[in-house]
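Position 675 of the sequence shown, counted from 1, bears residue number 675 in UniProt numbering, the numbering being contiguous throughout.
Worth flagging that the hints you see were computed from the coordinates, not collected in a lab.
Just so it is clear, the structure is predicted and the values come from calculations on it, not from any experiment.
A couple of the hints might just be wrong.
Claimed, not checked - Derived DEER-like restraints, expressed as beta-carbon distance ranges:
# : residue 1 : residue 2 : range
1 : P234      : W17       : 37 to 45 Å
2 : D237      : S592      : 40 to 48 Å
3 : I631      : W17       : 39 to 47 Å
4 : D237      : S289      : 36 to 44 Å
5 : S464      : K549      : 52 to 60 Å
6 : C367      : V46       : 35 to 43 Å
What the hints assert, rightly or not - Straight-line distance between alpha carbons at most 30 Å, and here's what the computed DSS-like set of lysine-lysine pairs gives:
#  : residue 1 : residue 2
7  : K60       : K254
8  : K685      : K571
9  : K450      : K208
10 : K604      : K635
11 : K208      : K425
12 : K558      : K105
C-beta: ideal position from N, C-alpha, C; glycine also.
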Amino acid sequence: MKTFCGRANPTTGAMEWLEEDENYDYHQEIARSRYADMLHDKDRNVKYYQGIRAAVNRVKERGEKAIVLDIGTGTGLLSMMAASAGADFCYAVEVFKPMANAAVKIVEKNGFRDKIKVINKHSTEVTVGPDGDMQCRANILVTELFDTELIGEGALPTYEHAHKYLVQEGCEAVPHRATVYVQLVESKRMWSWNKLFPVHVEAEDGEKIIVSPSEMEDCPGVPSVCDIQLNQMPSSDFTILSDVVTMFSVDFSKPVRSASTSYRVQLEPVKSGKAQIVLSWWDIDMDPSGMINCTMAPYWVKSTSAFQWRDHWMQCVYFLPNEEPVLQGEKVYLTACRDEYSVWYKLQKARGEEENKAAVRVESPVCRCQAHLLWNRPRFGQLNDQNRTCQYIKSLTKVLKTDSVCLCISDGSLLPVLAHYLGAKQVQYFLQYATFFFLKFFKANNLEDKIKIIEARPELLTSSNLEDNKISVLVGEPFFTTSLLPWHNLYFWYARTAVTSHLTSNVTVLPQSASLHMMIVEFQDLWRIRSPCGTCEGFDVQTMDDMIKNSLNFRESKEAEPHPLWEYPCKSLSDPQEVLTFDFRKTVPEYSLSTEGSVNLLRKGKSHGAVLWMEYHLAADISVNTGLMQISNEKGNCEWNPHCKQAVYFFSSVIESETLLDLPSAVTYAINFNTKTGEIAMDFKL
1 MKTFCGRANP
11 TTGAMEWLEE
21 DENYDYHQEI
31 ARSRYADMLH
41 DKDRNVKYYQ
51 GIRAAVNRVK
61 ERGEKAIVLD
71 IGTGTGLLSM
81 MAASAGADFC
91 YAVEVFKPMA
101 NAAVKIVEKN
111 GFRDKIKVIN
121 KHSTEVTVGP
131 DGDMQCRANI
141 LVTELFDTEL
151 IGEGALPTYE
161 HAHKYLVQEG
171 CEAVPHRATV
181 YVQLVESKRM
191 WSWNKLFPVH
201 VEAEDGEKII
211 VSPSEMEDCP
221 GVPSVCDIQL
231 NQMPSSDFTI
241 LSDVVTMFSV
251 DFSKPVRSAS
261 TSYRVQLEPV
271 KSGKAQIVLS
281 WWDIDMDPSG
291 MINCTMAPYW
301 VKSTSAFQWR
311 DHWMQCVYFL
321 PNEEPVLQGE
331 KVYLTACRDE
341 YSVWYKLQKA
351 RGEEENKAAV
361 RVESPVCRCQ
371 AHLLWNRPRF
381 GQLNDQNRTC
391 QYIKSLTKVL
401 KTDSVCLCIS
411 DGSLLPVLAH
421 YLGAKQVQYF
431 LQYATFFFLK
441 FFKANNLEDK
451 IKIIEARPEL
461 LTSSNLEDNK
471 ISVLVGEPFF
481 TTSLLPWHNL
491 YFWYARTAVT
501 SHLTSNVTVL
511 PQSASLHMMI
521 VEFQDLWRIR
531 SPCGTCEGFD
541 VQTMDDMIKN
551 SLNFRESKEA
561 EPHPLWEYPC
571 KSLSDPQEVL
581 TFDFRKTVPE
591 YSLSTEGSVN
601 LLRKGKSHGA
611 VLWMEYHLAA
621 DISVNTGLMQ
631 ISNEKGNCEW
641 NPHCKQAVYF
651 FSSVIESETL
661 LDLPSAVTYA
671 INFNTKTGEI
681 AMDFKL
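Could you put the whole structure together from the sequences, leaning on the hints where they help?
And the structure:
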């Protein structure tokens with residue numbers, strides 16, 4: 001059996017369905033999973049173990065048998081903890097078949113075959129009774145079904161069903177309860193991920209301002225949570241407007257309701273400002289008394305001594321529908337609405353009690369302006385980056401003339417507007433979707449008859465599309481929504497090649513070229529997501545390590561993976577090195593571009609992997625960097641472009657060399673850009 005997987009083709013800029021081996025999907029799921037990260041989460045594991053021991057003891061003290069139901073067992077870890085703690089029997093439910101098979105092996109290897117039954121089903125399909133999956137209802141419910149938003153993986157409907165059909169009334173639950181906390185803040189940086197700020201352009205005939213359509217100003221955006229490593233957000237990037245307050249909590253030992261509802265708290269601002277953002281996180285109490293607590297609170301709320309890095313649970317950023325001015329000491333109401341899987345927020349001034357209650361609606365926010373469907377949050381941030389926009393303005397000013405015929409190739413870009421304001425005679429914009437939004441956008445700026453949208457693919461461009469003009473200036477950021485890895489934006493080069501016959505002989509291409517850069521790094525924490533665990537709280541989980549390794553090796557060459565490195569601190573062990581260049585003034589060559597060489601290690605540390613990124617050379621001495629912004633000190637700490645994901649290639653052999661202090665003095669590399677596929681293959685040797 002074959003399976004079809006959607007993948008962006010960097011040579012066409014389009015999503016394509018590729019036929020893959022039937023195991024491909026499963027290998028992807030395992031290779032990119034966060035299982036290793038969870039097994040490395042010492043705080044989580046220790047607290048679960050303590051909570052499970054306490055729950056088993058409470059049941060035994062009542063003279064009952066301890067029967068455990070573990071939903072979403074994964075490796076079987078929590079069931080093995082329960083069996084070790086003296087549980088009489090455990091039912092471990094896991095819906096993902098390869099994972100359930102691994103759990104069976106892990107349970108056997110650790111000697112719990114007689115105490116733990118792995119059930120490969122969704123918990124809502126589990127049956128109870130003499131002929132059922134479970135002989136009887138459980139009296140201890142253990143789960144780990146949480147994501148950063150707490151409820152995004154379906155914890156509420158799963159608990160609701162379990163209480164109705166799978167566990168006894170008054171059962172013990174680990175965790176016992178979860179509590180969601182919120183804090184109101186003002187943050188220009190985070191707000192720039194959700195709204196387009198006015199762009200100021202100094203043109204020959206005075207200052208122009210690019211503004212958003214009014215629908216965009218009032219649009220509530222998209223309901224999906226923005227989950228980030230809030231611990232990497234410096235305190236200078238936000239202003240706290242309220243104390244931390246409890247928004248709601250869920251007691252997992254009692255029946256749970258998943259139906260949509262809302263919660264409301266009163267806040268007294270501790271400072272005046274613009275309420276734009278609700279920051280949120282949760283904690284779980286593993287026991288009824290709350291003595292065993294596992295929290296996601298960020299650095300300014302809890303002491304760093306208790307700090308545990310994790311990537312499977314982070315913190316949430318919610319954007320209020322509009323920014324609301326608040327005054328210190330003048331009370332406001334914050335409402336959290338939720339459905340089964342997501343949460344969103346509203347802020348209201350404290351007026352009459354009844355008036356406020358009536359105004360709360362529980363419908364999920366829907367983007368009405370299309371911009372939030374076109375631009376994701378990092379893209380909003382990028383478009384709002386004034387320094388970046390200035391680089392494009394400077395370079396366009398250099399290359400545009402009064403008779404320039406300009407064509408723009410980039411998704412959801414402001415470049416056509418900049419080109420028009422900076423004096424191009426004619427501006428055309430290749431647009432494959434979101435035409436409706438851009439028509440509104442141009443209209444809001446009185447440009448509807450100034451910029452022509454061409455709804456065609458570059459290879460289908462005709463001279464009638466261009467009104468028989470030749471293009472003298474071809475511009476791109478380049479940025480394409482289908483790009484996953486930094487070099488996928490080289491689609492611009494393929495598009496430039498496709499329109500060659502429509503270009504003047506002395507065409508100016510902006511950017512004129514691009515380069516691929518690389519650096520060897522040691523990660524502070526990100527290495528954990530790819531690092532074998534071996535044993536976890538005394539249990540042998542090697543089977544899981546092997547499974548992840550096998551899935552990573554499923555592709556003949558290991559692939560780089562995208563990560564927003566501003567969230568994941570690392571230090572450079574080598575100087576950054578330019579490894580390949582791509583000349584956009586020429587067409588894409590028929591042959592592959594390849595390079596090999598070595599990079600010297602300058603600092604001691606563990607070489608976890610290589611980071612790769614692109615730099616675009618717009619015009620003479622003007623470039624835009626999508627990766628390393630600077631190495632900020634002699635320790636080698638790195639600052640990364642916050643609007644882009646960088647490519648990370650994890651070395652497989654670092655694992656063995658983690659105990660060595662003296663690593664080799666150089667890393668050799670071979671990098672090949674296949675011009676037929678637009679992909680880069682790489683190999684590193686320590």
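How the hints compare with the structure:
no., hint, verdict
1, P234 <-> W17: 37 to 45 Å, "holds (43 Å)"
2, D237 <-> S592: 40 to 48 Å, "holds (42 Å)"
3, I631 <-> W17: 39 to 47 Å, "holds (42 Å)"
4, D237 <-> S289: 36 to 44 Å, "holds (37 Å)"
5, S464 <-> K549: 52 to 60 Å, "holds (56 Å)"
6, C367 <-> V46: 35 to 43 Å, "holds (42 Å)"
7, K60 <-> K254, "holds (20 Å)"
8, K685 <-> K571, "holds (20 Å)"
9, K450 <-> K208, "holds (15 Å)"
10, K604 <-> K635, "holds (10 Å)"
11, K208 <-> K425, "holds (17 Å)"
12, K558 <-> K105, "holds (27 Å)"
In summary, this structure violates none of the numbered hints.
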